[in-house]
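Q: Take a look at the letters that make up each chain.
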Amino acid sequence: MNSESVLSARDISFRWKEDQPLLEDISLDVARGQTLAILGPNGAGKTTLLSILSGRLSPRAGSVNLDSRPLISYSARERSRLIAFLPQLEKLAFNYRVLDFVLMGRTPCMEVLALPGKEDEEAALKALSLFGLDSFSMRNIGELSGGEFQLVRIARCLAQGASILILDEPASMLDPAHSRRIADALASLVESGKTLIYTTHDIGLVLFFRGSAVIISGGIVGWKGPVEDLHDPKLLAHTYGISFSNKEIPSVF
Amino acid sequence: MKQGRSSPNSPHNSLLVIYLGIALIIVTVLSLFIGRYPVPGIMNPFLLKTDPIARQIVLNSRLPRILGAILLGLVLGGAGSSLQSIFSNPLIDAGFLGVSQGAAFGAALALVLGFRAYSVIAALAFGMAVLALALSIWLSERFRYGGQILRLVLAGLAVSAFFSSLLSLMKYIADPLHQLPDIVFWTMGSMVPMSWKRLESAAPIAVLSLIVLYAMRWRVNLLSLDDAVAHSLGVRPSLERRIVSVAAAAGVGVMTAVCGVVGWVGLIIPQIVRAVDGPDGRFVVPRSMLGGAIFVLISDTIARSVFSGEIPLGIITSLLGALSFAILLTTRKVELAR
Numbered sequence: 001m002n003s004e005s006v007l008s009a010r011d012i013s014f015r016w017k018e019d020q021p022l023l024e025d026i027s028l029d030v031a032r033g034q035t036l037a038i039l040g041p042n043g044a045g046k047t048t049l050l051s052i053l054s055g056r057l058s059p060r061a062g063s064v065n066l067d068s069r070p071l072i073s074y075s076a077r078e079r080s081r082l083i084a085f086l087p088q089l090e091k092l093a094f095n096y097r098v099l100d101f102v103l104m105g106r107t108p109c110m111e112v113l114a115l116p117g118k119e120d121e122e123a124a125l126k127a128l129s130l131f132g133l134d135s136f137s138m139r140n141i142g143e144l145s146g147g148e149f150q151l152v153r154i155a156r157c158l159a160q161g162a163s164i165l166i167l168d169e170p171a172s173m174l175d176p177a178h179s180r181r182i183a184d185a186l187a188s189l190v191e192s193g194k195t196l197i198y199t200t201h202d203i204g205l206v207l208f209f210r211g212s213a214v215i216i217s218g219g220i221v222g223w224k225g226p227v228e229d230l231h232d233p234k235l236l237a238h239t240y241g242i243s244f245s246n247k248e249i250p251s252v253f
Numbered sequence: 001m002k003q004g005r006s007s008p009n010s011p012h013n014s015l016l017v018i019y020l021g022i023a024l025i026i027v028t029v030l031s032l033f034i035g036r037y038p039v040p041g042i043m044n045p046f047l048l049k050t051d052p053i054a055r056q057i058v059l060n061s062r063l064p065r066i067l068g069a070i071l072l073g074l075v076l077g078g079a080g081s082s083l084q085s086i087f088s089n090p091l092i093d094a095g096f097l098g099v100s101q102g103a104a105f106g107a108a109l110a111l112v113l114g115f116r117a118y119s120v121i122a123a124l125a126f127g128m129a130v131l132a133l134a135l136s137i138w139l140s141e142r143f144r145y146g147g148q149i150l151r152l153v154l155a156g157l158a159v160s161a162f163f164s165s166l167l168s169l170m171k172y173i174a175d176p177l178h179q180l181p182d183i184v185f186w187t188m189g190s191m192v193p194m195s196w197k198r199l200e201s202a203a204p205i206a207v208l209s210l211i212v213l214y215a216m217r218w219r220v221n222l223l224s225l226d227d228a229v230a231h232s233l234g235v236r237p238s239l240e241r242r243i244v245s246v247a248a249a250a251g252v253g254v255m256t257a258v259c260g261v262v263g264w265v266g267l268i269i270p271q272i273v274r275a276v277d278g279p280d281g282r283f284v285v286p287r288s289m290l291g292g293a294i295f296v297l298i299s300d301t302i303a304r305s306v307f308s309g310e311i312p313l314g315i316i317t318s319l320l321g322a323l324s325f326a327i328l329l330t331t332r333k334v335e336l337a338r
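Chains as they are written, first to last, in the numbering used here: chain A, 1 to 253; chain B, 1 to 338.
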């Protein structure tokens, strides 16, 4: 195990159905304050891998260590103070106020049955203001655009105070302006020392964040290395089964 | 994301719960003196000093009944709002998971078997409510379709339908002269059976249920989120959802065992509360409890004082509930995100 790793996975295997292995012998390390992009075709198991790294799923074989200690040995509360996970989609049955919604992120910092107090409210407002969302706090989630809602969700992760952020496709389905806004927000979090693990299909976003990347393909780690190497069209063609070119096209990254 | 009408964009009004508390006290005092003795209308409070019958009626008949109605309303409102949150479904009732239908069948079974003692009817009703809950949870764990929420909703539907058909069977085989009227009256709900003794027997479980639901009022917010998010926030969704379900079902079960099936309270009151000040469980759960208590108490006061004969409570709550629901939906004050 890499001694500098804050989160490391060793020989992880997972399958939903007995005869259909999804992930086989996946190993990866993430150093503190680093960024790791997880790439791969649809259905490659990226989201499942994130669920395993965030402790929601247990691998069939292999182990995940957080700060050199098995992730499964952490209590739910302990883990939630260290890792914040954001799923790709989030349906809401109720139209919460933005501030209340972000306040929910403060739960790991509160006693088990306690209600959020003044300092939690300040922390939630601070998280919102970091993303320029101060004026949104009293609005309802239903009044926000998809991009604004995504920023609010990331603000909730930030309010959680965890040092590791695991985000499933944080900038998908957004217009270029919101993609860029979210990328800038996440970049500022990495600069402030957060560790970021995320999945995406957007190579431009990966190159913007720098750091390292892994490509999951056919259930195994097909490639890993610094993101700069993703400029190689052959590597991407091999991963996605379609030819890539290096044309100069307008990009927000 | 699809959302309904927005609630007001202002800070939460923490005084609302105090206003509701004051309203409940006022309704309680009024209800004590409203009735048909000595004449239909409001009794002169000074009569309590001079008239022993008035004292007897107010202290031993109306007071336990009023406290019972308050307890029933607190439980139905609290259970309804909590269950709606944890199952991310604003259309779930307090009797969800088969609890009401299970209790109704238990009572009907006791009556058909010839038991007349109220304690036996209540015990069988509560036993069947617990059995319905256990069956719903057991079945949901064995369904091979959908996530935890969908499986529980489906299991609750199946168990409700199962006990509902057993209840129909009881009605079908019941003696139409002696047993059927009792079964029908019981399934329509009424506070008539409430006495000090029955209040004392139901109160411990009902109060325990209220304490758990009140303590979980923040956690129900987290349980209304996507399970992956709740997990990330340190919640154990399956375990905590079960704690809230069991607390809600126990409270509703024990009160239904005494008062029969009283519908619509747990559905409509949380809807109204959310329409006023948003869906945050910190506020919705206690306000729904108090709102439920006021609603049941007013309904029961109408039930016992408008006509010389008692109107079953369930008829009044369903009538008022369905009307308010229709009004709320037509004025778009109810938030339905899905």
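It should be emphasised that the hints constitute simulated quantities derived from the structure, not laboratory data.
Treat the hints with care, as some may be off.
[Unchecked claim] Here are the simulated SDA-like pairs of lysine to any residue, each with C-alpha atoms no more than 20 Å apart in a straight line:
| id | chain 1 | residue 1 | chain 2 | residue 2 |
| --- | --- | --- | --- | --- |
| 1 | A | Lys118 | B | Leu91 |
| 2 | A | Lys91 | B | Asn13 |
| 3 | A | Lys91 | A | Gly211 |
| 4 | A | Lys234 | B | Asn13 |
[To be verified] Label-pair ranges, simulated between beta-carbon atoms:
| id | chain 1 | residue 1 | chain 2 | residue 2 | range |
| --- | --- | --- | --- | --- | --- |
| 5 | B | Pro204 | A | Leu115 | 19 to 29 Å |
| 6 | B | Ala158 | A | Gln88 | 48 to 58 Å |
| 7 | A | Leu113 | B | Ala322 | 28 to 38 Å |
Note that the Cβ used here is the ideal one computed from N, Cα and C, for glycine as well.
Q: Output the numbers, in ascending order, of every earlier hint that fails for this structure.
A: Violated: hints 1, 2, 3, 4, 6.
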